[in-house]
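Chemist: One-letter residues, chain by chain:
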Amino acid sequence: MSVFMDLNLSFCADKSRLRSLIETAAHLGFSTVAVNYTFEPTAKKKQEIPAPMPITDLMDQLPVVQGRSRPIRVLNRLTVVMSDSSHFRPTAPEYRRFDLLAVQPTSEKLFHVACMTLDIDIICITVTEKLPFFFKRAPINGAVERGVMFEVSYAAAIRDATMRRYTIANATSLMETCKGKNVILSSAAEKPLELRGPYDITNLGLLFGLSDGDSKEAVSSTCRSAVLHAETRWTASGIIRTTKTCSVTPIQQEAPPEESDAPAAKKAKLEDE
Amino acid sequence: MRREDETDETSVFRRVVLKNASPYHYMKICLVLDDESTKLSAVDLKLFILTGLKNLFGEVGAAISFDLLKYDEDTLSGLLRVPSRSLVKLWSSLTLLGFYQNQACAFRVLQVSPYLLSLTGNSRELKLD
Numbered sequence: 001m002s003v004f005m006d007l008n009l010s011f012c013a014d015k016s017r018l019r020s021l022i023e024t025a026a027h028l029g030f031s032t033v034a035v036n037y038t039f040e041p042t043a044k045k046k047q048e049i050p051a052p053m054p055i056t057d058l059m060d061q062l063p064v065v066q067g068r069s070r071p072i073r074v075l076n077r078l079t080v081v082m083s084d085s086s087h088f089r090p091t092a093p094e095y096r097r098f099d100l101l102a103v104q105p106t107s108e109k110l111f112h113v114a115c116m117t118l119d120i121d122i123i124c125i126t127v128t129e130k131l132p133f134f135f136k137r138a139p140i141n142g143a144v145e146r147g148v149m150f151e152v153s154y155a156a157a158i159r160d161a162t163m164r165r166y167t168i169a170n171a172t173s174l175m176e177t178c179k180g181k182n183v184i185l186s187s188a189a190e191k192p193l194e195l196r197g198p199y200d201i202t203n204l205g206l207l208f209g210l211s212d213g214d215s216k217e218a219v220s221s222t223c224r225s226a227v228l229h230a231e232t233r234w235t236a237s238g239i240i241r242t243t244k245t246c247s248v249t250p251i252q253q254e255a256p257p258e259e260s261d262a263p264a265a266k267k268a269k270l271e272d273e
Numbered sequence: 001m002r003r004e005d006e007t008d009e010t011s012v013f014r015r016v017v018l019k020n021a022s023p024y025h026y027m028k029i030c031l032v033l034d035d036e037s038t039k040l041s042a043v044d045l046k047l048f049i050l051t052g053l054k055n056l057f058g059e060v061g062a063a064i065s066f067d068l069l070k071y072d073e074d075t076l077s078g079l080l081r082v083p084s085r086s087l088v089k090l091w092s093s094l095t096l097l098g099f100y101q102n103q104a105c106a107f108r109v110l111q112v113s114p115y116l117l118s119l120t121g122n123s124r125e126l127k128l129d
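In the order they appear, the protein sequences are chains A and B. Using the UniProt record's numbering, the letters of the first sequence map in sequence onto residues 1 to 273. Using the UniProt record's numbering, the letters of the second sequence map in sequence onto residues 1 to 129.
Since the hints were made in silico from the structure, they are not lab data. Wrong hints could be hidden among the right ones.
[What the hints assert, rightly or not] In silico contact screen, one side only, chain A against chain B (beta carbon under 7 Å); selected entries: (1) E40; (2) P41; (3) Q66; (4) G67; (5) I158; (6) L193; (7) R196; (8) N203; (9) L204; (10) L206; (11) L207.
[As the list claims (entries may be wrong)] Some but not every residue of chain A turned toward chain B, in silico, with C-beta under 8 Å: (12) K109; (13) A156; (14) A157; (15) R159; (16) R164; (17) E194; (18) G197; (19) Y199; (20) D200.
In this text, a Cβ means the ideal position worked out from N, Cα and C, and glycines have one as well.
All chains, full assembly: derive it from the sequences and hints.
Modeler: Right, here's the structure in full:
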């Protein structure tokens with residue numbers, strides 16, 4: 001079984017609050033969390049894509065995950081709220097600083113584009129308002145085939161009764177179309193008290209119309225697939241990765257390795273030939 | 001469903017086989033409040049949970065007969081007993097409860113089990129090396 005993940009903790013400039021958010025997530029048993037930076041481009045003026053804050057700035061020592069004795073893993077994620085197809089620039093170098101890329105489409109056309117063509121990991125489903133369009137089978141099947149995940153976040157449902165109605169309605173209509181495949185459940189929490197434990201979310205998934213198995217996968221293995229999908233995005237077919245080396249000085253020669261058993265045996269073999 | 005081991009009269013052990021799913025589930029819960037000095041009696045807690053059930057599932061939800069078996073006012077933690085078929089409803093209503101008298105709160109479900117005895121220990125609190 002893979003570990004639990006929460007791929008959406010809202011970023012806030014208040015460092016102590018973000019710190020307590022991550023600590024609470026670790027205490028609840030999440031092994032990986034992603035800090036989410038929302039970017040909402042407007043037509044009027046050009047805006048800067050936010051730069052992720054390195055986690056070392058935030059805390060010196062990462063909190064230990066409950067029951068695992070291992071420190072929590074913190075990723076960075078960018079969510080682009082799309083109201084126009086030009087808002088997502090696939091080649092933007094700013095995007096490379098984030099571990100995960102998500103878009104939140106606001107119209108049916110953009111949803112189709114996001115599902116079929118955009119190079120992203122996660123598509124956020126609107127939960128704060130009534131869905132402006134119906135989910136169609138074709139784009140959703142395309143997204144499932146490409147390994148793009150659909151995300152339903154539940155913090156809005158905790159905050160407000162009306163939002164709860166929309167969350168449940170939009171989530172069930174998604175589940176009807178995608179049949180529980182490629183769905184992740186995440187928090188989008190701004191405060192520690194809006195976070196819930198992984199098993200609570202699994203149970204909540206049942207309310208959204210997921211099956212028992214899919215519901216548990218929505219907080220564990222599907223999230224892992226999303227993270228792996230993100231890792232392969234910058235590689236050639238998931239095999240080759242290129243990085244720029246900054247240093248001009250020649251790499252320091254490593255000290256000659258001490259002769260251990262295995263290399264010695266290999267050497268002997270080579271001499272025989 | 002239990003059956004006495006008839007073949008061995010001297011045996012003091014008895015084999016217990018549950019053929020049906022167990023009738024109840026037990027939950028160990030803890031309420032976390034924003035303002036930690038707030039006091040909450042057992043009656044308040046039950047009423048609060050009941051309001052949450054009614055908000056989410058209406059009168060059908062409010063008709064779920066759950067019991068608060070044990071409650072500690074200092075730590076705000078308690079034990080709930082709920083019929084197994086209503087577990088999902090009760091649990092999801094606990095998950096979606098976010099406010100107690102206009103202050104943020106959260107229910108932490110610590111353990112869930114069909115057997116009350118299982119709630120005596122918690123493997124997640126063990127220190128692993």
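Chemist: Each hint should be assessed against the structure and marked as holding or not.
Modeler: To see whether the hints hold, each was checked on the structure:
Checking A/E40 against chain B: minimum C-beta separation of about 25 Å lies over 7 Å; hint violated. With 7 Å as the threshold, the beta carbon of A/P41 stays out of range of chain B, its nearest partner Cβ sitting at about 31 Å, so the hint is violated. Below 7 Å, beta-carbon pairs count as interface contacts, and A/Q66 has one with chain B at about 6 Å; its hint therefore holds. Interface restraint check: A/G67 against chain B, minimum CB-CB distance 4 Å, threshold 7 Å, status holds.
Because the beta carbon of A/I158 sits about 4 Å from the nearest beta carbon in chain B, less than 7 Å, this interface hint is met. For A/L193, the shortest C-beta to C-beta distance to chain B is roughly 4 Å, which falls under 7 Å, so the interface hint holds. For A/R196, the interface hint holds, the least distance from its beta-carbon to any beta-carbon of chain B being 5 Å, beneath 7 Å. Here the hint on A/N203 is kept, as its CB sits about 5 Å from the closest CB of chain B, short of 7 Å.
Proximity of A/L204 to chain B holds as hinted, the smallest CB-CB distance being about 5 Å (cut-off 7 Å). With a least beta-carbon distance of about 5 Å to chain B, the hint placing A/L206 at the interface is held under the 7 Å criterion. A distance limit of 7 Å between C-beta atoms decides the matter here; for A/L207 the minimum to chain B is near 5 Å, and the interface restraint holds. Annotation: A/K109 was flagged as interfacial toward chain B, and the flag is violated, the nearest CB pair being 33 Å apart, outside 8 Å.
This hint is violated: A/A156 has a C-beta 10 Å from the nearest C-beta of chain B, more than the 8 Å allowed. With its C-beta approaching chain B no nearer than about 6 Å, A/A157 sits inside the 8 Å limit, and its interface hint holds. Using the Cβ-Cβ criterion of 8 Å, the hint placing A/R159 at the interface with chain B is satisfied: the shortest such distance is roughly 6 Å. Below 8 Å, beta-carbon pairs count as interface contacts, and A/R164 has one with chain B at about 6 Å; its hint therefore holds.
Contact between A/E194 and chain B, as hinted, is supported at the beta carbon level, the nearest pair being about 7 Å apart and thus within 8 Å. Restraint check, A/G197 versus chain B: the minimum CB separation of about 6 Å is within 8 Å; hint holds. Because the beta carbon of A/Y199 sits about 7 Å from the nearest beta carbon in chain B, less than 8 Å, this interface hint is met. Annotation: interface hint on A/D200 holds; nearest CB of chain B at approximately 4 Å, less than 8 Å.
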